[in-house]
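Chains as they are written, first to last, in the numbering used here: chain Y, 1 to 449; chain Z, 1001 to 1449.
Since the hints were made in silico from the structure, they are not lab data. Where a beta carbon is used, it is the ideal one built from N, C-alpha and C, also for glycine. Careful: at least some of the hints might be erroneous.
[What the hints assert, rightly or not] Negatives, chain Y to chain Z, calculated, CB over 10 Å:
hint: 1; residue: Val40
hint: 2; residue: Ala127
hint: 3; residue: Glu165
hint: 4; residue: Arg268
hint: 5; residue: Lys343
hint: 6; residue: Glu440
[Said to hold, decoys possible] The calculated label-pair distances, taken between Cβ atoms and stated as ranges, are:
hint: 7; chain 1: Z; residue 1: Glu1412; chain 2: Y; residue 2: Asp250; range: 42 to 48 Å
hint: 8; chain 1: Z; residue 1: Gly1028; chain 2: Y; residue 2: Glu288; range: 50 to 56 Å
hint: 9; chain 1: Z; residue 1: Ser1152; chain 2: Y; residue 2: Asp382; range: 31 to 37 Å
hint: 10; chain 1: Y; residue 1: Tyr444; chain 2: Z; residue 2: Thr1218; range: 27 to 33 Å
hint: 11; chain 1: Y; residue 1: Arg443; chain 2: Z; residue 2: Gly1042; range: 19 to 25 Å
hint: 12; chain 1: Y; residue 1: Glu394; chain 2: Z; residue 2: Ile1030; range: 25 to 31 Å
hint: 13; chain 1: Z; residue 1: Glu1412; chain 2: Y; residue 2: Thr421; range: 21 to 27 Å
hint: 14; chain 1: Y; residue 1: Ser190; chain 2: Z; residue 2: Pro1375; range: 47 to 53 Å
hint: 15; chain 1: Z; residue 1: Asp1251; chain 2: Y; residue 2: Ala18; range: 54 to 60 Å
hint: 16; chain 1: Z; residue 1: Asp1250; chain 2: Y; residue 2: Glu288; range: 35 to 41 Å
hint: 17; chain 1: Y; residue 1: Ser190; chain 2: Z; residue 2: Asn1126; range: 39 to 45 Å
2 protein chains.
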Amino acid sequence: MNRHDSIKQHLANAGDGAPTQLRYARDGIITPEIEYAATVEGLDPEFVRQEIADGRMIIPVNLKHPEALPFLIGRKALCKVNANIGSSAIVADTDYELRKLKMAIKYGADTAMDLSTGGDIPGIRNAILRNSTVPIGTVPIYEAIARVESPSDITPELLLEVVEEQAAQGVDYMTVHASILLEHIPLVNSRTTGIVSRGGSLIACWMAEHDRENPFYTHYDQLLEICRKYDVSLSLGDALRPGCLADASDDAQFAELTVHGELGRRAREKDVQVMIEGPGHIPFHEIEMNMKKEQELCDDAPFYVLGPVVTDIAPGYDHITSAIGGTMAAYHGAAMLCYVTPKEHLGLPDENDVREGVIASKIAAHAADVALGKPGARDRDDAMAKARFSFDWEEQFRLALDGDRAREMHDETLPDVAYKTAEYCSMCGEKFCAMRISKELQRYSDERS
Amino acid sequence: MNRHDSIKQHLANAGDGAPTQLRYARDGIITPEIEYAATVEGLDPEFVRQEIADGRMIIPVNLKHPEALPFLIGRKALCKVNANIGSSAIVADTDYELRKLKMAIKYGADTAMDLSTGGDIPGIRNAILRNSTVPIGTVPIYEAIARVESPSDITPELLLEVVEEQAAQGVDYMTVHASILLEHIPLVNSRTTGIVSRGGSLIACWMAEHDRENPFYTHYDQLLEICRKYDVSLSLGDALRPGCLADASDDAQFAELTVHGELGRRAREKDVQVMIEGPGHIPFHEIEMNMKKEQELCDDAPFYVLGPVVTDIAPGYDHITSAIGGTMAAYHGAAMLCYVTPKEHLGLPDENDVREGVIASKIAAHAADVALGKPGARDRDDAMAKARFSFDWEEQFRLALDGDRAREMHDETLPDVAYKTAEYCSMCGEKFCAMRISKELQRYSDERS
């Protein structure tokens, strides 16, 4: 029985109410999931077990989602990348979502979130879960909204009902905007762009209209009970993340972060794994401070950031503004980057946007892993350098994050198969290829020595 | 007479041997060029004069290039972006180069380098100079190579002849690989990718073959004499920049950097403006150290960096790996970023690659300017945030670094003119637009207060 099969069996055997990975870890048990995920990254399983036990790593794996391979989220593990997919009121087609999922996984997404808001939401989600080898996250309030006439008709009971249904289907982690409180709402008034979190703005509106506290906060214990039952990891959503540089690092953002810390502790007390979601739009020089603040206020729980986007003036290129911020964030401790696609701020991403977004985030995550000297992180870079110097083009394509794109660009000017072993490319041409000339230089040196 | 006309007249009146901007600045004179360039950036002209006098800023403006507007390169000025264009042996078409120049300037390149190596090199360069409103740089050894049978036929006299001809044509700054010395060549042997600078590898080969010292080094005084005569700024080329992460920050690189410092001082003694070229491929965590080292060894002369690329495994996306490294470099003091296009390591960039490369570098330069709090740097971001919150799509396109791209992406799903004032876009749709919901929230708050 291979490792994946043994994990599947382990999950299948676990009845409702089986211990969560956090509980096992605290009890000193290295589960097959922990062992698998640790081994894949070259980490010591006992070290990983301790990180999970202390809440600094999570292993998001729903008991009802045996299709997925477990993996680690935490700042001592490799930095991970999430890709958002999902239907909208305008486009709701299961096959299209599966194509986006496939695209995301092909280019290296470690997890995907199904943010569907249109069409047969449970049906699309089920198709995604059953076809995904990576863990799947959701934002349950989106489905809750779809079930009511107006957002104000939402009830705490409906929210819990949706959470339970999604958990039973196998969703591995869920974003809940539980940390925005009534007292935070006035802090938003002075902002330039208000609330830019979809789920967060809906919850805030509900609270303001009913003048009642956040239902995810008031019913947090019931929510934890459901999560514990299926081992759903909580991703505490940042309703108050800044939507522009002007709003970055403000009182609203940090007030919510403080509550994140409190709710994180409460989750772990109930054996529920938890990560914290973070900004957003942050100027480059404030990213380090933001990462440190999360570690301090939230007991170093894994930080899952969106972007951060480091300038507001590049719509159409926000995968790049995010790759810049994401590298800096991961370098200072972010555990997972939520990709941002070129369409951010402009429209719904298509398949190609998914590819561009995943690659940009993978670059950021990898650049930070290399900078932090994580085990083996630079091996692929070194292999690429060797392939370049030996003009082994096929090996370069194989090692590239997006070998298809690299091959396509190379072949644009030199498509012939003979050029796959040529000691130059069309960038400089044969006469001006520095690497080819470098080899001549080596010959001179060898002759003289 | 407007400012540009007065600059043109000033340049036209200056005979051969007129003082350079550096000489003027040292004599306490604020030239029209200094005043113009300072005013454009909102800097005090006297402050700029002092920076130039001390060699921490340059204003690359050849007396024979009145078509160009002067601008500042230095770490206290806004970070600048250079775009490389130029013919190759495979494609040599003047109109095509002019189209690439136009594209680069349209998307915000502050300067361009004509790296032509094929066709009528002086003719292409003249067309570029006469049509460019931005300063133009060159790498004279490329033209020298084109004039001889074999690189080994190059003589110091030929190099100086080419430099003088290009200077007389109006080239504003020139890359010369003067700082690689015979004693450095053995340091390259242990490298993974040897020498990856085209000019540098040619000079190194010449030195090794003839067993003679670098001709740009031995004839440096004559070179300075030509530069002084036309006020050509020197850009000391980094022949020994690393070509992969494995070679970063090695002995070869820093040995050359030390000579850069020496040659920079010698240039300024002769009233010649000078900047220093830098790497290359550098892991993220070594970028700050690299910037500091240049400031220390080269007296804080403007540092003009290529990339730095922070991982080797993303061919096809090296505009992104460079934007990451470029932001970090500029944040720690790089004065100008040389763009890297998606085609880097794969082929010759086309017009679209120029656009992608310029925008990626502009993002990096701007993100660093914002992070450093340079005067007015964040104004455009703040205006964008306001335009977003008021759903003023036309204003968003106007403020975007690439408004054409932003409009195109927005219109992909919502092309109708009515959507230009819609309070949502296709990303989330109307029901889920957080900003629209935020406005409702504000209404609730207003009602209660």
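Verification of the hints:
| no. | hint | in the structure |
| --- | --- | --- |
| 1 | Val40 | holds (18 Å) |
| 2 | Ala127 | holds (21 Å) |
| 3 | Glu165 | holds (20 Å) |
| 4 | Arg268 | holds (29 Å) |
| 5 | Lys343 | violated (6 Å) |
| 6 | Glu440 | violated (6 Å) |
| 7 | Glu1412(Z) - Asp250(Y): 42 to 48 Å | violated (33 Å) |
| 8 | Gly1028(Z) - Glu288(Y): 50 to 56 Å | violated (42 Å) |
| 9 | Ser1152(Z) - Asp382(Y): 31 to 37 Å | holds (33 Å) |
| 10 | Tyr444(Y) - Thr1218(Z): 27 to 33 Å | violated (19 Å) |
| 11 | Arg443(Y) - Gly1042(Z): 19 to 25 Å | violated (54 Å) |
| 12 | Glu394(Y) - Ile1030(Z): 25 to 31 Å | violated (59 Å) |
| 13 | Glu1412(Z) - Thr421(Y): 21 to 27 Å | violated (41 Å) |
| 14 | Ser190(Y) - Pro1375(Z): 47 to 53 Å | violated (24 Å) |
| 15 | Asp1251(Z) - Ala18(Y): 54 to 60 Å | holds (58 Å) |
| 16 | Asp1250(Z) - Glu288(Y): 35 to 41 Å | violated (28 Å) |
| 17 | Ser190(Y) - Asn1126(Z): 39 to 45 Å | violated (56 Å) |
Violation of the numbered hints given earlier is confined to hints 5, 6, 7, 8, 10, 11, 12, 13, 14, 16 and 17; the remaining hints are satisfied by the structure.
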